[in-house]
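S.K.: If you want the building blocks of each chain, they are given just below.
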Amino acid sequence: MTGPLVLLEGVGKRFGARVLFDIERLRIDEGRSYVITGPNGSGKTTLLRMLAGLEGAERGRFVFRGSPVGFAPHFPERLRRSIAYVHQHPYLFHTSLRHNMEYGLRCRGVAPEERRARAEEAIAWSGLRARRAVPPQDLSGGEKQRAALARVRALRPDLILLDEPTSNLDREGREQTLALLAQLRDERRTVIVACHDQEVIALEGVARLHLEGGRIR
Amino acid sequence: MTISRIAASWLAALAAVFSLGAAAVGLDIKMATTTSTDNSGLLHYLLPKYEAKCHCKVRYTAVGTGNAIKLGENGDVDMIMVHARAAEDKFVAEGHGVNRRDLMYNDFVIVGPHSDPAHIRGMKDLQAALKKLKSSNATFVSRGDDSGTNKKELGLWKEAGVDPNGPNYLSIGQGMGQTLTVTSEKQGYTLTDRATYATYKDKTGLEIMVEGSKNLLNPYGVIAVNPKKYPGVNYTGAMHFIDWLTSHEGQQVIASYQPKGAQLFFPDYRKK
Amino acid sequence: MNLLEPTRRAFELLLQGDPRLLEAIWLSLWTSIVAIALVAPPSVALGFLLAKRKFPGQRTLVVLVQALLSFPTVVIGLLIYLLLSRRGPLGFMELLFTPSAIISGYMMIALPILVVFTISAVQGADPRVYETARCLGAGRTRASATTLWEVRFGVLAAVVNGFGRVVSEVGCAIMVGGNIEGLTRNIPTAIALETSKGDFPQGIALGMVLMAVALGVNIALALLQGRGGLR
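Residue numbers (the working numbering), protein chains in the order written: chain P, 1 to 217; chain R, 1 to 272; chain X, 1 to 231.
Hints are computed from structural coordinates only; laboratory data are not their basis. This one's a predicted model, so the numbers in the text were calculated from it and none came from an experiment. Check before you lean on any hint, since a few could be wrong.
What the hints assert, rightly or not - Here are the simulated distance ranges between beta carbons:
1. P:A133 x X:Q225: 31 to 37 Å
2. X:N218 x R:G212: 54 to 60 Å
3. R:K201 x X:M211: 29 to 35 Å
4. P:P68 x X:I33: 50 to 56 Å
5. R:S171 x X:S120: 42 to 48 Å
6. X:L29 x R:G155: 51 to 57 Å
7. X:V63 x P:Q198: 33 to 39 Å
8. X:L64 x R:T236: 45 to 51 Å
9. P:Q198 x X:R152: 17 to 23 Å
10. X:V63 x P:G16: 25 to 31 Å
11. R:T2 x P:H99: 16 to 22 Å
12. X:L64 x R:K131: 51 to 57 Å
Stated by the list, open to error - To be clear about the criterion: a stretch of chain R counts as covered by chain X if any three or more of its residues have a C-beta under 8 Å from a C-beta of chain X, and this derived list gives those stretches:
13. 13 to 20
14. 58 to 66
15. 82 to 93
16. 174 to 186
Unchecked claim - Interface residues of chain X toward chain R, partial, derived using beta-carbon atoms under 8 Å:
17. P42
18. L96
19. T141
20. S196
21. N218
All residues carry an ideal CB built from backbone N, CA and C; glycine is no exception.
Next comes chain P alone, as it looks inside the complex (with noise of 0.2 Å):
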């Protein structure tokens, strides 16, 4: 296998007077699943932001397939196209279900029936094709997460980050939720998810990392 997909170095994160986190060392390889998971504050969803390029670092190294990436607010464009971050609450445009799966796309240049087959298909892979006509900020939260799970996976990005995916919500979301990290899991995606839901941890196949008091373990 080629050099890793991520690679942080010495990253330091502070918000005032108080370091957030102070990475030495972090290295994600592709075509795996990886769980983050730490006490609330710790920084997890910094972390993510970070490498999202919507979030800045005092210090550190960032390496991307090799080569060196800037942090915010120095962060690449191109690299928007490879990299995809799920809010803990996503965001569904106020638009339609069809019109969020196809955003990306569009962003991407993508041919108009091959934007509207991957967008069916997105749509079929969330198992939301039943709720297609609801305006997408009604749906239930558990729908709303799976529709941003599709949405990016549509993309078919180098790296999907994801924050708490299976917070608040109810059983039956969570399930299905869980049921869409397993594919994308078994999809060989790679897919950094924070979290502190047992049921996600206890994935099979997945790569867990600790970070407390700002250090991965």
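Fit chains R and X to the supplied structure of chain P, relying on the hints for placement.
M.R.: Positioned in the frame of chain P, the structure of chains R and X alone reads:
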């Protein structure tokens, strides 16, 4: 890329709107005139007859004489039709306008409420009537807008040797029609041209108190804006209109405007 | 004074389609629509920038625009008059006393309203909108456009408010338009004139049209917002 494209089409739309605006009045004759010619209905009667002949449009803005002269001085109109002889002569002398012609006259009257609290009804001596108005503390409403009527009114007070200012002298800065309306609401007196008064007589219930004095004549003149000063003005159009107004036909039309059976304006053009 | 008789006459004028009445109504509508259509894109863009981007002098600019909200329209009228008068710097364009002059006045009056409403709409937008768009691969421009689209009802409210302000505006329109019959006499200036002439039926008829327009536009906005699922 897209942003500059959007910006470019926006600028094009802006330019289109503004060039359309200029084209819309390209061949029209723009005239500044007094509120009295408009409020009395004369222009509504007269302009269609001319426009049918010239296949053009006369666009007029009706303001006080002072304001109308200002518009002419700035070259914002092609001609003016006003009534303030001294100011008109100054306008020509300063090179703003050319070819001043007498057009017509009507006369001023002093109107007041039916109750006539100052007891001036039917007085023949204008100056005595003004003095009595002042001494009786009756309400007097003044245009106060530097119009021809306003200038006339101030001149009359001066000739009578009376300072009109006081709590009962209301200077309202509005057109003739509005002034008559206010006068009626206040049950006061005012100086008005007979033409405007005629159209407001029923609406206001005001009655004529003093009329017929030689000092109350109200002559109107027309002046084209000097094309040497403002090459952009429609001088040809303005002179064509002025020629028509002072022709036998135009003068006949003015004389024939007789709403409710009474002639309001008396044609006055004599070739010099 | 008898109010019933002029009101009855007003309905008659409206039903008969009195040409002078229709001219004023038509002028009011098209100049307002053109002015808003022209001024909306730059104002919305400016409002978005002021809400989203931090740059030196930004706060000063926001305060300035907010102050412009309460700027008297007659002062804007005076300003444009001085600019467009043949003696003024733009006199060569011969725009004074044309509908274009009114449109330029309307644009200046509507600009601060549109900007301020857009600022508050964009500031009210969910911060996740912009981030989501960026994470899905949108560039800055597309992500900004998406944010505006997500708050489209707020932006629409800005446009409707701007329209409502200019369509009923009288001071500026009378100064730079000259209240010329058939060319620049619109609904509000005609009402002012007809009232000064004591011709109340015309004024009442035009007033009813103006209120109907205002009501209609706001009802349309409310319906749209209802369909957009906004509470």
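S.K.: Run every hint past the structure and note whether it holds.
M.R.: Consistency of the hints with the structure:
As the Cβ distance of A133 of chain P to Q225 of chain X is approximately 20 Å, the hint placing it in 31 to 37 Å is violated. In this structure, N218 of chain X and G212 of chain R meet the distance hint of 54 to 60 Å, their C-beta atoms being roughly 57 Å apart. Against the hinted window of 29 to 35 Å, the Cβ-Cβ separation of K201 of chain R and M211 of chain X comes to about 32 Å, which satisfies the hint. Our hint of 50 to 56 Å for P68 of chain P and I33 of chain X holds, since their Cβ atoms are close to 54 Å apart.
Distance hint check for S171 of chain R and S120 of chain X: the Cβ-Cβ separation is about 44 Å, which falls inside the suggested range of 42 to 48 Å. At roughly 45 Å, the beta-carbon separation of L29 of chain X and G155 of chain R lies outside the given 51 to 57 Å, and the hint is violated. Distance hint check for V63 of chain X and Q198 of chain P: the Cβ-Cβ separation is about 53 Å, which falls outside the suggested range of 33 to 39 Å. In this structure the supplied range 45 to 51 Å holds for L64 of chain X paired with T236 of chain R, their Cβ-Cβ distance being about 47 Å.
Range check, Q198 of chain P to R152 of chain X: about 42 Å between beta-carbon atoms, so the 17 to 23 Å window is missed. Here the CB-CB span from V63 of chain X to G16 of chain P is close to 29 Å, well matched to the stated 25 to 31 Å. The hinted range of 16 to 22 Å is satisfied by T2 of chain R and H99 of chain P, whose Cβ atoms lie roughly 19 Å apart. At roughly 56 Å, the beta carbons of L64 of chain X and K131 of chain R sit within the given window of 51 to 57 Å.
Here's how the region 13 to 20 of chain R fares: 5 of its residues keep a CB closer than 8 Å to some CB of chain X, so the rule of at least three is met and the hint holds. Remark: the region 58 to 66 of chain R is confirmed as covered by chain X, as 4 of its residues place a Cβ nearer than 8 Å to a Cβ of that chain, reaching the required three. Against chain X, the region 82 to 93 of chain R contributes 0 residues with a C-beta closer than 8 Å to a partner C-beta. That does not satisfy the three-residue criterion, and the hint is violated. Given a C-beta distance limit of less than 8 Å, the hint that chain X covers the region 174 to 186 of chain R holds, as 6 residues qualify and 3 suffice.
Interface hint at P42 of chain X: satisfied, since its Cβ lies 7 Å from the closest Cβ of chain R, which is below the 8 Å cut-off. For L96 of chain X, the interface hint holds, the least distance from its beta-carbon to any beta-carbon of chain R being 5 Å, beneath 8 Å. With 8 Å as the threshold, the beta carbon of T141 of chain X comes within range of chain R, its nearest partner Cβ sitting at about 6 Å, so the hint holds. With 8 Å as the threshold, the beta carbon of S196 of chain X comes within range of chain R, its nearest partner Cβ sitting at about 4 Å, so the hint holds.
Among the interface hints, the one on N218 of chain X is violated; its C-beta lies about 26 Å from the nearest C-beta in chain R, farther than the 8 Å criterion.
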